[in-house]
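Could you build the full structure based on these sequences and the hints that come with them?
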Amino acid sequence: MLYPIMHAVGSTVYFMLFLLFLCARLVPRTNPGISFWAFAALAACSARLAMLLLPTEADAAPGLLWYGVFIGLEKLLLLLGAFRFFGAVLLPGGGMVTDRWLYSAVALLLGWIFAYGQLGLPRVIYDSGLAAFNVLALLLLALAVYRSRIRLPHWLKSGIVSVAALLALHWFSIVPLYLWLLPDWRQQGFVFGTVLAMV
1 MLYPIMHAVG STVYFMLFLL FLCARLVPRT NPGISFWAFA ALAACSARLA
51 MLLLPTEADA APGLLWYGVF IGLEKLLLLL GAFRFFGAVL LPGGGMVTDR
101 WLYSAVALLL GWIFAYGQLG LPRVIYDSGL AAFNVLALLL LALAVYRSRI
151 RLPHWLKSGI VSVAALLALH WFSIVPLYLW LLPDWRQQGF VFGTVLAMV
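Sequential numbering of the sequence shown, starting at 1, is according to my numbering.
Be a bit skeptical, because a hint or two may be false.
[Said to hold, decoys possible] Listed next, with one range per pair, are the computed distances between beta-carbon atoms:
1. ALA107 / HIS154: 23 to 29 Å
2. LEU108 / LEU156: 29 to 35 Å
3. GLU57 / LEU91: 37 to 43 Å
4. LEU136 / ALA24: 24 to 30 Å
5. CYS23 / GLY120: 40 to 46 Å
6. LEU90 / PRO122: 33 to 39 Å
Hints in this document: simulated from the structure, not taken from any laboratory.
For glycine and all other residues, C-beta sits at the position ideal for the given N, C-alpha and C.
This is the structure:
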């Protein structure tokens, strides 16, 4: 019973964020990054709807596969928006994370999901790839905000970096915690992730 409620609430929360960001776009001189964030929230809403409306019981169930696709799209749009709002991420040594890097990472994730769905690989393969992608994307988001030259109140900047880092830790713990140590806690993990994303 918790499962449908959890995904219904999650999809509603993300849809409300989508509407909020769409309204924010109407404010004059709004940074174009906000449009990407609106559609990132819509992709997250679609991911939750996939888990709610499509079968998820089997290892390569459509709900799981579409969830992964929409989560990959969400992170792509989230980072594209962050790069436009906060600036591109400079790596140690002078390199820069560009949009092309992001497209390549999402293409790799989609290939991973497709291979998992077509080859009948164990569920841990799917979860590991999705978790690794999300950890890297969220750490990139934290780095983009942390290194940003935009003047933000210290509490806001620290809060965004902390929440992104906590979400990265949440995704990092999925395979060892939710699959091996506490498999029955997976639903609470979805709730925890949604609460963090709302913050």
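* To do: State the violated hints by number, sorted upward, taking the hints as numbered earlier in the document.
  => Number 1 - this is the single hint that the structure violates.
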